[in-house]
Structures are given as structure tokens and as C-alpha cells.
Amino acid sequence: MSELEEVIKELKKLNDTNKKLLEIQGLQFALEPFRYITRKLRSGEALPNTLSYYQIIAPAGVFTVTFANPAGYVWIGIFQSIEVSQNGVFEFTGYVDDEILPKSYVPRMVSHVINWSETIPFGHVIKETTTLTFINHDIANQWLEADSMGIFLRKDVWERDVRLMDLAAERYMYPEPPPSPP
Amino acid sequence: MNGKKDKERNGRWRCPTCKVEAYVKDRAIHVYVEGHTSAATIWPLHSDCPFTQDIDHIDFSKLERVG
Numbered sequence: 038m039s040e041l042e043e044v045i046k047e048l049k050k051l052n053d054t055n056k057k058l059l060e061i062q063g064l065q066f067a068l069e070p071f072r073y074i075t076r077k078l079r080s081g082e083a084l085p086n087t088l089s090y091y092q093i094i095a096p097a098g099v100f101t102v103t104f105a106n107p108a109g110y111v112w113i114g115i116f117q118s119i120e121v122s123q124n125g126v127f128e129f130t131g132y133v134d135d136e137i138l139p140k141s142y143v144p145r146m147v148s149h150v151i152n153w154s155e156t157i158p159f160g161h162v163i164k165e166t167t168t169l170t171f172i173n174h175d176i177a178n179q180w181l182e183a184d185s186m187g188i189f190l191r192k193d194v195w196e197r198d199v200r201l202m203d204l205a206a207e208r209y210m211y212p213e214p215p216p217s218p219p
Numbered sequence: 002m003n004g005k006k007d008k009e010r011n012g013r014w015r016c017p018t019c020k021v022e023a024y025v026k027d028r029a030i031h032v033y034v035e036g037h038t039s040a041a042t043i044w045p046l047h048s049d050c051p052f053t054q055d056i057d058h059i060d061f062s063k064l065e066r067v068g
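Chains L and C, in that order, are what the protein sequence lines are.
This note's numbering numbers the first residue of the first sequence as 38 and each following residue consecutively.
This note's numbering numbers the first residue of the second sequence as 2 and each following residue consecutively.
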């Protein structure tokens, strides 16, 4: 192989690598959670949802609430905070969809904040229902206040996009081995 | 606690305003909120919903018994 042919071959390889890098960057731009959510809201495929509630629970009382998504939508959590009147008196159990085990169980709940988008991007997706149970183990009335931000996204859109995310991850998660030294 | 009063209120109830239903069993209440897409809030659907009270202060006379 002549020197010129070798240079052409190297340039082609470089060009291919650049194309791949551009593709990866494009995917990162498209699938970064906040950008993805913003785009879906703008396109009308998603609806914003902000929930905020205050609940008083009697001594030894049990308050359970089940939220069912609108038909054909999944709920993707972005942010959540819970404040309680007294730390350590509420027992909390949260079930998502038809899971046999609870998604979360806290024997003595304290006030807390969770940023779902930063801690576990797309980690809190409710396909149909979520059921939250609070038991007040105190001898007095206690209150809790909960806030959350999320989006309702069309189920067909989410199923398609999550498949694309998985395909992209499979394609790029194992980089090619570095070239062997000359 | 008034055990007899607790037993009388056991069962399924509905708020006549927002139609949200709840199942009451002794000192436990299970509220079921279905398919609301309001951007502002999905619970409670109105500020004076009787189900927002604690179990000892719910005014059952304002609710419809479903079963």
C-alpha cells in the first residue's frame, strides 16, 4: 500500500469516528431528561402535571390514596417533596402499577425531597396507578404535605422512545477496543 | 373510640361534587382518584371535599353511600 493510500484510509477512519461522535452527541441532546420532556410538552405528546396536597390523619388512622393515570398515558416523575408534622410517626408504603412488592416502604417517614430527573432519570415511570398508604402511629392528629412535578406522556410515544433509548444504549455502551500499538 | 359509630360508616362512599369514591373500614380510608389531567392539582379536586378531613371529622351526611 502506497503512503497516499494509507493516508486516505486513515482519513476515512477518522471521518467515520467523527460521524459516530456526532450521532452520540445528538442522542445525548435528544434523550437528556429535561430536554426530552420539554420537547414532548412542546409537541403536545405530553401534559404537565403538578400535584400538591395537604392531609390530616387521625391517631391510629390509615389514609390510602390511589391515583390512576388518564387512559393511554404514563406518568413520569420529575420532582417530589414530602413534609410531615412530626418526623418518625408515619409509616409509608407506595405501590406502583401491579407490582407485588412495594416500590417504597418507610417505617418512620421524615420530611424529604427527591429530584427524580437528576437522581434517577426516567426512574419513576408509572404505567397505570400508584397507591400511597400513610399510617399515623402517633396518639395525636398529624399532617403531611406532599408536592410532585411530573408529566403525563402518551403511552405509545413512551413505549417507542424507550425502545429507541435501549437500542442506542446497546449500540454505544461497548466501545471498540483501542488500536493495537504498531 | 366509638366502635358502633365506626361500623356504621364502613363501606363505599362518594363525594357528590367531585364524584371521587372512597372505601372506609374502621379507621382506614382508601380514596380512589381516577384519570384527572389537571395541570394544577389532582387531589383534592375541590377545597371542601369531605374526604380531605381526618377519619374522625369526615361529615358522612354530606356523602353518598355507594355500597
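There could be a bad hint or two in this list.
Cross-link-like lysine to any residue pairs, in silico, SDA-like; alpha carbons within 20 Å at most [what the hints assert, rightly or not]: (1) 26(C) x 170(L); (2) 164(L) x 44(C); (3) 192(L) x 105(L).
I should point out that these hints are in silico values taken from the structure, not numbers from a laboratory.
Here is how each hint holds up against the structure:
no.	hint	verdict
1	26(C) x 170(L)	holds (14 Å)
2	164(L) x 44(C)	holds (19 Å)
3	192(L) x 105(L)	holds (14 Å)
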